[in-house]
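For the record, the sequence lines run as chains R and V. If you number the first sequence the way this note's numbering does, the last residue is 302 and the count never jumps. If you number the second sequence the way this note's numbering does, the last residue is 279 and the count never jumps.
By construction, these hints were calculated from the structure, which means they are not laboratory data. Wrong hints could be hidden among the right ones.
[Unchecked claim] Below, simulated BS3-like cross-link-like pairs (lysine-lysine); rule was C-alpha separation at most 25 Å, straight line: (1) V:Lys234 with R:Lys198; (2) R:Lys263 with V:Lys16; (3) R:Lys238 with V:Lys49; (4) R:Lys198 with R:Lys238; (5) R:Lys238 with R:Lys263; (6) V:Lys17 with R:Lys238.
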Amino acid sequence: MAKYTCPQCGEQIETAGIVTVCPQCHADMSAVVEAAGHALRQRAAELIRDDSVTTHEYIVRTRGLTKIYKMGDVEVPALRGVDLDIRRGEYLSIMGPSGSGKSTLFNLVGGLDKPTSGSCYINETDMAQLSAHELAWQRCHTIGYIFQTFNLIPVMTALENVTLPMIFAGMSSDEMLERGRMLLELVGLGGRLHHKPHELSGGQQQRVAVARALANSPAIILADEPTGNLDLHTGKEIIELLKELNVESGVTVISATHDLKMIDVSDRIVHIRDGRIERIDRREDIELEVGTMGGEETAV
Amino acid sequence: MMDVKKLAQVAGGGGAKSLQIQAQISLPWSDAFRISLKSVVLRLGRAAITATGIILGVAFLTYVWSDRIFSEGVTKARIQQEQTLAAAAEAVRGGGKPAAGGETASGTATPAGAERPAGEAPAPTTAGSEDQERSARTTWLVIMSLLVCGIGITNSMLMSVTERFQEIGTMKCLGALDSFIVRLFLIESVVVGALGSVAGILLGFLFVLLYYGVKAGFSVTAKIDWAELSGYVLLALAIGTALSLASAIPPAIRAAQMPAAAALRTEI
Ligand SMILES: Nc1ncnc2c1ncn2[C@@H]1O[C@H](COP(=O)(O)OP(=O)(O)OP(=O)(O)O)[C@@H](O)[C@H]1O
Ligand SMILES: [Mg+2]
């Protein structure tokens, strides 16, 4: 919960989110909210010490997120205002045709790119307010990334790939090796610790990537088409792995995908088209719809 | 096979993950060295291309410097030889019997060599300006060759960095700061630069050694100013390494500052 005071009318606004204008007098609140950003972070740190209150309901929230790519004189709008709240522990799929802006959204949520306008909050912290160090820390500790192309470091072995984020986190070498070994064993690659990526199959590489994403116990796993380069069976394995992790550890999974297999495991499916959220399906609703008429009713 | 329940336990985090954002991210030098060395060794082909520029540049530099030192050594040896010959001729003359052999020897060495107090002979003015001109030309050549090599290395570094945009983007996703990326590339370029320089020095030196050895006999090595030569060798090593480092800095910084998303998107 954050408390803001309107600079114009003095109205006290208490909200779990942010305010852009005062609900009372419609004065611009952005400066106040921005100033509060730092205080908020400090408060979050205090809350940590008090173990009873550690979490916010929404782990990711975006407000009016837009992204416009400039290619010379041409402007390519990839996102045109996305408001999305993602609950802690949710398994969320982002679906949409090619070019609809899935990867762009993924990049903004993951702090890999800056929005043209709008904001993205992770644990109620505005990503735009983080320093380079804090952003790196967040990428290292809070988010685990999985890519369509696996993106393992080609010159490093499976174990080295998995331990790399632990180096950045400052883990001791022994602890790091033990944890890396354990993670790889648990994704079924105990016998491939010292294999290079090119010596592994696509499915195995993606499992290394999952192990790497888990290296520093992230709160969020961001996966951009994790099954895009895998065959049906292997893709299913990866999805099931992510789903089980989501259920067992409560890690939030956000996955951009074309893959209809994802629907079964998703708590919600966000359909985007032309940079906008077209509709959001909840699994219960889909099951219901499929059960009744299989229609395409929008359910939000 | 997989044990996801256990995996979830190990992965932990999830719901209970702390909210506290910190700024402590590290890449110890020892790890950076390990990663960079590995990268050089496993991408030997790419390193070799970069190193070739350095090897050639440094070899030429070493060639020019050791050529001068060797030719000085040879001159010194010749002057000593002349002195002994002159002394011998003197002794023979003193003996009252003009020896044709001695005279021819000193005659072929230098015209009127016997009369000149060897070693302190003031060089004729024309020869002096010629010398100066030659050394100016050599300096010019060295600078040009280093420039050309520098451009070559920059180009090859640029390629090497571009090839690895994906990798750089991935590292940033895993929590690498821009400075880590720069650090990795700089270590790599210093290693490649130093190894290339050593190879270049050996190449340039061996060439000169063989040339003078064959021309004037390997005994010249006894007359070489080794101290001066090793000074130049160190200088060549420093120049080669610095050249490699300087050409790596701009592309490394540029790559490191790219937004992670842009780096990840690039395909080559
Ligand atoms: N770096 C960029 N420069 C210019 N345009 C871009 C860039 N990245 C994305 N775009 C454009 O933005 C739009 C959205 O792209 P995005 O990659 O987010 O789509 P996507 O939904 O992930 O598609 P796919 O399913 O094919 O991966 C597209 O029109 C794309 O051409
Ligand atoms: Mg995409």
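**OP:** Would you list, in rising numerical order, the hints stated earlier that this structure does not obey?
**Re:** Of the numbered hints, 1 and 3 do not hold.
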